[in-house]
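Work out the full structure: start from the sequences and follow the hints.
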Amino acid sequence: MANYKSLYQEVILDHNKKPRNYGAIESPSHHAVGHNPLCGDHISVDIVLGDERINNIAFQGESCAICKASASMMTTAIKGKTRAEAETLIQEFLAMATGKLSHDACPNIGRLAVFAGVSELPTRVKCAILPWHTLSGAFNAVATTSTEAEQDPMHAPIGDA
Amino acid sequence: MSAIQTTLKSRSSSAFDVERIRADFPILKLTVNDKPLVYLDNAASSQMPQPVIDRLVRYQTTQHANINRAVHYLSEVATSEFEEARRKLQHFINANEEREVIFTSGTTDAINLVMHGYGRKFIGAGDEIILTTLEHHSNIVPWQMLAEEKGAKIRVVPINDAGELLIDEYEKLFNERTKFVGVTHVSNALGTINPVKEMIAFAHARGVPVLVDGAQAAPHMKVDVQDLDCDFYAFSGHKLCGPTGIGILYGGAALLENMQPFKGGGDMILSVTFEKTTYNTIPHKFEAGTPPIAAAIGLGAAVDYLSEIGMDAIAAHELALLEYATEQINSMPGVRIIGTAGHKAAVLSFAVDGVHPHDIGTLLNQEGVAVRTGHHCAQPVMQRLHVPATSRASFAFYNSMDEVDALIAGIRTVQKIFT
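Heads up: the sequence lines are chains A and P, in that order. The numbering of the first sequence is numbering that gives the first Met the number 0, which starts it at 0 and goes up by one. The numbering of the second sequence is numbering that gives the first Met the number 0, which starts it at 0 and goes up by one.
One should not assume that every hint holds.
With a straight-line Cα cutoff of 16 Å, these simulated EDC-like cross-link-like pairs (lysine to aspartate or glutamate) come out [stated by the list, open to error]:
(1) P:415 with A:9
(2) P:415 with A:86
(3) A:16 with P:352
(4) P:152 with P:175
(5) P:415 with P:352
(6) P:87 with P:223
(7) P:196 with P:175
(8) P:152 with P:127
(9) P:28 with P:18
The hints are simulated quantities; they were obtained by calculation from the structure and are not laboratory data. Computed from a predicted model, the values in this text were never measured in an experiment.
Written out as structure tokens, the structure reads:
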């Protein structure tokens, strides 16, 4: 059996309690709202994408600790990266969280490996991936997204992973 | 533990031998995450005792064939056992006649049967259907579909902050366009026991029929459809220590006879030509196709098992569990009970300050404690009480006071992790 305790690690509890980059950005270049209709959780993601890099990113919403910590750690990981780098990280995170890749096989995953354990909790995977799903929606100018949408990574193949 | 808590904890154990009952449920011996399973999700589905499991095995190993058809031995045995199960269910809810008991696939199917069979025939444009804020989605959505199709209107009985229906408001909703009332006997999300008998009397005085959703009531209290005087009563087998895929619709014979069939097919007909089909008599008119025969017979065994323990004894033990758990939770800082009606079944919805219900559910599971988290398929209740979701512990007669302690200890662990 999975050791569930490993999911609620100090780093996740800390980001839940003190989320980084929490709030809204006044004039974002990209914005999306993500919604998990199964539990009512929702978060919004704002980005300021410059010519080369993500200059600013913020999120806010109502969610469980796993979702909020995932969003918080996503913002710290993404800020300052190029869009291509961010999109690679989205793919790696989704593949890791859904158990398609181990965290060792995700070269850019870094500290986000703390979410690897969620792949063993099928009912909680969507909590962890909602922020990433929403970020992807923001990049692709999809104003609202849902864990139950057609592009739901739970139901669609992720690249060749 | 205070003196009153000690009293509450010890109250049930003398009269009710819960350990002897627990021995009948093999699944309760499981461990989850190296902890003894503490199963507190009974409002979602209950567990099955050995006599019901044995009955299913006996049916499948010695009695199975299709019913109502062949003249051979097995078909006759299966038909007779299936109809015997119907009689057991008839007595369980004190229906006047066995033909008033229709086997469905569950409560949802039963409500949909009434919507199609009664609603589509007797409810039209401008007519009004009264529902309550406490309804499960299964007693909302079918009526919305009907209202959309017919141009009818849904009126909703509000609740107070404790989760009790406002009966004055219910009575004010009636007018000459009111054609139907749908009300849950017990709220699945909050545990509120609604005064359905009085509500039915009020509706009947105005000539309006009432469907009672009994999914959460039938497992926990004595249900007497004649005493309630309800027109329809729906419940599920799998919440009643029976199998999934089986449920009951009780309907008054005169009403059922006037209704149109819900599903067409075999068994529900007397004769078929391409020009005209003559429908079978009730209850068969509403039982198209091969029913879940084993599940029906299993449900018959389940109500035998429950009746042997006694629904009054079951209700008393569950009330003792609820009172003890309520007392314990009320003494915990940072934990709040959602749904504080004066008259409740053994459902305990709660919120822990600063902790999302899904995190509570996952962490309690780590302690072996199974609770439900989410909106409980009752989003209007959640919206009314301004909570996105709750954690819900729901008790059955095989739960013990020690299991309440395990729940409380689990909630303390959650609070410790999140401080």
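Does residue 152 of chain P pair with residue 127 of chain P here, judged by a C-alpha cut-off of 16 Å?
At roughly 5 Å apart (the allowed maximum being 16 Å), residue 127 of chain P and residue 152 of chain P satisfy the hint.
If you draw a straight line from the CA of residue 28 of chain P to the CA of residue 18 of chain P, is it 16 Å or shorter?
holds (12 Å)
16 Å Cα cutoff - pair residue 415 of chain P, residue 9 of chain A
Distance ~12 Å between residue 415 of chain P and residue 9 of chain A Cα, so the pair holds.
With the threshold set at 16 Å, check whether the alpha-carbon distance from residue 415 of chain P to residue 352 of chain P stays at or below it.
Roughly 12 Å separates the two Cα atoms, so the pair holds.
Are residue 16 of chain A and residue 352 of chain P close enough, with their CA atoms no more than 16 Å apart?
Roughly 13 Å between the alpha carbons, so the hint for residue 16 of chain A and residue 352 of chain P holds.
Starting from residue 152 of chain P, check that the Cα of residue 175 of chain P is at most 16 Å away, please.
holds (13 Å)
For the pair we were handed, residue 87 of chain P and residue 223 of chain P, check the Cα-Cα distance against 16 Å.
Distance ~14 Å between residue 87 of chain P and residue 223 of chain P Cα, so the pair holds.
So if I understand the rule, the pair passes when the alpha-carbon distance is 16 Å or less; does residue 196 of chain P with residue 175 of chain P pass?
violated (22 Å)
Does the alpha-carbon distance linking residue 415 of chain P and residue 86 of chain A stay inside the 16 Å limit?
violated (37 Å)
Checked against the numbered hints given earlier, the structure breaks hints 2 and 7 and satisfies all the rest.
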